[in-house]
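Q: Now for the letters of each chain:
There are 2 protein chains.
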Amino acid sequence: MADPLSLDEITRQLEDLPGWEHKNDKVSKEFTFENFRDAMGFITRISYEAEEQVHHPEIFNVYNTVDISLSTHDAGGKVTEKDITLAKTIESLYNN
Amino acid sequence: MADPLSLDEITRQLEDLPGWEHKNDKVSKEFTFENFRDAMGFITRISYEAEEQVHHPEIFNVYNTVDISLSTHDAGGKVTEKDITLAKTIESLYNN
Chain B
1 MADPLSLDEI TRQLEDLPGW EHKNDKVSKE FTFENFRDAM GFITRISYEA
51 EEQVHHPEIF NVYNTVDISL STHDAGGKVT EKDITLAKTI ESLYNN
Chain D
97 MADPLSLDEI TRQLEDLPGW EHKNDKVSKE FTFENFRDAM GFITRISYEA
147 EEQVHHPEIF NVYNTVDISL STHDAGGKVT EKDITLAKTI ESLYNN
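Each protein sequence line maps, in turn, to chains B and D.
Sequential numbering from 1 applies to the first sequence in my numbering.
Sequential numbering from 97 applies to the second sequence in my numbering.
Hints listed in this document are in silico derivations from the structure and should not be mistaken for laboratory results.
Possibly wrong hints are sitting among the right ones.
Quick list of in silico lysine-lysine cross-link-like pairs, DSS-like style, CA-CA up to 30 Å [what the hints assert, rightly or not]:
(1) D:K122 x B:K26
(2) D:K174 x B:K29
(3) B:K23 x D:K119
(4) B:K78 x D:K125
(5) D:K122 x D:K174
(6) D:K119 x B:K26
Modelling step: build the complete structure from the supplied sequences, incorporating the hints.
A: Okay, structure coming up:
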């Protein structure tokens, strides 16, 4: 079970994650794409990584936008290292 | 461009769509699955139908749940026949 990160630690980690925000005990980012297909492709790529990391984001899609929010259920819904790891993976998918 | 449906017409249409609700000018339903993979498979199947109908739902996924909300942007964000058609398609995907 992962421990919740301190606010300072979350702030420090988000310095390496441009556009990600910490609010409501989650780290979140809204991604925008050319169209629905590209948005759906991104969600699909995220889904494989989520299964591999045994950690699943909240995913909200409307047409060409994808909102991702991460927190750790087993840590009382707080942000843990697992969320930072998955955020970094998602960020790298977006940039590749 | 589709015209907004009347409240009576929406109510009548939802009689054929068990579990679907009309609220905040949208028709919505929460679907639950065995696991994340099944939820993601459902989203993927919806995505092809959405492209074919040139009409896209709001999709919210957390692990094994998928919330779908439908309204028509071109009709001022109101519910139209396009939403009912897509809702029926999504319902049939869920049941097959």
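Q: Next, verify each hint and record whether it holds.
A: Cross-check of the supplied hints:
1. D:K122 x B:K26: holds, 27 Å
2. D:K174 x B:K29: OK: D:K174 and B:K29 at ~27 Å, within 30 Å.
3. B:K23 x D:K119: Answer holds: B:K23 to D:K119 is near 27 Å, not above 30 Å.
4. B:K78 x D:K125: holds, 27 Å
5. D:K122 x D:K174: holds, 7 Å
6. D:K119 x B:K26: holds, 27 Å
The structure shown violates none of the earlier numbered hints.
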